[in-house]
Amino acid sequence: MQITRTIDQRLYPGEAISEARHEYRNFCTLSISPLGSDQVEVVITVKPKHKARGREVVLEFLNYLLDRAAEIHLEAE
Amino acid sequence: MDEIPLSQASDDGRLAGIDVENDSLGEAASVLVDTSVYTESEVFKAAYWYTDRYYLFLSRDGGDRKYIRIEIRPKLPVELDQLTNACREFCNALIDYRVRRMVLAETSNIRDTLLRKAFGEGYNHLDPAKLGSDETRVPEGRQSFREDALDIGHPTGAD
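Chains G and U are the protein sequences, given in the same order.
Using the working numbering, the letters of the first sequence correspond one by one to residues 9 to 85.
Using the working numbering, the letters of the second sequence correspond one by one to residues 47 to 205.
Quick caveat, the hints were computed from the structure, so don't treat them as lab data.
A hint or two may mislead.
[Stated by the list, open to error] Below are the DSS-like pairs computed for lysine-lysine, each with C-alpha atoms no more than 25 Å apart in a straight line:
| id | chain 1 | residue 1 | chain 2 | residue 2 |
| --- | --- | --- | --- | --- |
| 1 | G | Lys-55 | U | Lys-121 |
| 2 | U | Lys-163 | G | Lys-59 |
| 3 | U | Lys-121 | G | Lys-57 |
Using the sequences plus the hints, can you model the full thing?
Okay, here's the thing in structure tokens:
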């Protein structure tokens, strides 16, 4: 399973993306390319071993990313 | 994609400001949040508490990216009504966090004064010799509450 998302780095800081990528390294791979100011295109590819749970892997990854982004934003307040 | 801020939304088949779509990840409902009304911080606080029950994804929307689109997907299969209700509840949570922020701003002076007073009093009693409590009126062994040595049972306002 492969999903492409446009991620706004004002919402999801690079630090959150890096941490989420590291945390989910056994479940999926990320390909990140810049899309102009503050935006990156992220292609999430679920590893074949977890293909059957592809939806769960991608959405759990995005939730983890959101949790980290929220923590970073709220710590900065 | 057309922009319909929630405040201007109507029942035009988009469920009063809520968009519903079905893609490779299944069904998703989404709402647009105007960042001139709600801060990013309020959006994150509300979103954070939804991640235990739903999958959420935030993205910028609109020409000047002034809106944040909140995309909500169920963790377990649910009816469409439940999913759209989750969006409405999310909007209520945003109002909740907005009001909290306003109340906090309005009462911050009182809170700071109370904290200053509480810690300030502590500063005056740094000398351990002054830390002892006044034990002069503590009942002795043979006394009981029935004797009411402090006349606590005396009705006030009756005189």
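Tested hints:
1. G:Lys-55 - U:Lys-121: holds, 21 Å
2. U:Lys-163 - G:Lys-59: violated, 60 Å
3. U:Lys-121 - G:Lys-57: Judged against 25 Å, a Cα distance of about 21 Å means the pair holds.
Going down the numbered hints, you'll see the structure goes against just number 2.
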